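**Q** Sequence:
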Amino acid sequence: MSDNQGSRPESEDSVSEPVAPAASPQPAPSSDVPPTPTPAAAGPAAPAMPPRPPYPASYPKAPAGYPAAGTAATGQAFGPGAQTAPTLPLSGPAPSAPVRKKSTAGRTVGLLVAAALVGGAAGVGGTYAGISLWGQTQTTAASSPTVVTVNDTQKVNNVTAVAAKVLPSVVTISATASNGGGTGSGVVLSADGYVLTNTHVVTLDGATADPTLSVTTSDGKVYKATLVGTDPTYDLAVIKLTDASGLTPIDFADSSKLNVGDQAIALGAPLGLDNTVTTGIVSALNRSIEIASSAAPDDSSTKEDGGQGQQESPFQFDFGQGQQQQQQSANATIKIAVIQTDAAINPGNSGGALVDSDGKLIGINVAIASSGGSSSGGQSGNIGVGFSIPANIAQRVANEIIKDGSATHGLLGATVADAASQKNATIQGAYIQDVSSGGAAAGAGLRSGDIVTEFNGVPVTNAIDLTAQVRAAAGGSDATLSYVRDGKTETAKLTLGTLQ
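Under my numbering, the first residue of the sequence shown is numbered 79, with each subsequent residue one higher.
By construction, these hints were calculated from the structure, which means they are not laboratory data.
Treat the numbers as computed from the prediction; the structure is a model and nothing was measured.
Where a beta carbon is used, it is the ideal one built from N, C-alpha and C, also for glycine.
Mixed in with the good hints, there may be bad ones.
Label-pair ranges, simulated between beta-carbon atoms [unchecked claim]: (1) 290 - 229: 31 to 41 Å; (2) 526 - 573: 15 to 25 Å; (3) 287 - 477: 20 to 30 Å; (4) 558 - 268: 30 to 40 Å; (5) 526 - 321: 52 to 62 Å.
Please work from the sequences and hints to get the whole structure.
**A** In structure tokens form, the structure reads like this:
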């Protein structure tokens, strides 16, 4: 952020033309920019300039961040545009002579209006104060990337506006240990530096419990960070930046209200390339995946298990630059509920944001699908099938980690398998093989042979779905499930146990 205090860009109506000193008439300029028309002008009239919209009264005064007069904006594209004056109005004292150059105030307002599509005028004002939409200020290191580059302000779309709002809330995380290192992404939870990411990012997939963490914000500032807590069951973690202040927390959406087809925008640092933005849609909801994890807790004592041979999973964590995938040696798996998206998610996007068209968080990017499993030992990139942990789950887990250092998860107390794999199966669901005495399932009256088809309003199509949804709930929370017994659908209310 620039240390200079900028002034609000003036609209054409608020700018007074300086009065030229008395002198002989000046010849018309040879530039292709039309001169300012005057009543006494001789010859053919210059083409009328289209009226520009006034600067919206509801917008806050334009903050600092504009380049100094006469300097090109950082991030300008190569070519002729890079050699000419900046594409946007500059701050500083008014010129002493009339400037015949075409005003860009109208285009500035156009960009602001586009940005107003996300969060309203107040949100845009906060974004404007925190970042430069057109380039970094002179106080930022020269190697820092441009946050959002805009070369044609008349063609700004909603994705550009979302990126301008959200990127200040997305960080790049570097984790190192004696046996290696890697990069990932994270989202800012608080102004003083709490950041949410994935467990596999900060532990190098279970390789270390004491990582050295370095975090780079979107404006190029670098912070040391400490680990607050991890939640291997849902692959989430919270870290705390050292001596951070004034950060921009991300806004959370209600992920339970998503629709298939909604816009989805992924932001993060794939392959260490920070401030990367990709876009797509919500491809599927109520999806659950099972993924190998070396950081996964020992789940052998729990009773929500598929209970059947597992094939090699086509899903893998999207490990970042330099990080070696260790899933082949993992003996445990985790089962998590996810949002499926075709927004490009690549190695390094883990822990980053998946947001909606309003720039609100709908998910934490966690994994990608590969077309051939992981037997080759390498990673595939984006094939249009990426996964994010729903924001509602991520927010609950993050809040518990910040408060208590760890998060709780529900326990049903039953051994389950895929109903479709049972002999003479007629429906999908989670087949109850056995019920633990004194557990939540037993207390609700469930018994062997029941088929669970819904949990807390979410359809259950197999054992992984049920386990993922039970784990998504807090330990000791109330739940409702539907099940089929002897061809008849029943509903049960129960209080979940707590996974230890």
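**Q** Each of the hints needs a verdict: does it hold here or not?
**A** Going down the list of hints, with the structure as the test:
no.: 1; hint: 290 - 229: 31 to 41 Å; in the structure: holds (38 Å)
no.: 2; hint: 526 - 573: 15 to 25 Å; in the structure: holds (21 Å)
no.: 3; hint: 287 - 477: 20 to 30 Å; in the structure: holds (22 Å)
no.: 4; hint: 558 - 268: 30 to 40 Å; in the structure: holds (33 Å)
no.: 5; hint: 526 - 321: 52 to 62 Å; in the structure: holds (57 Å)
When each numbered hint is compared with the structure, no violation occurs for any of them.
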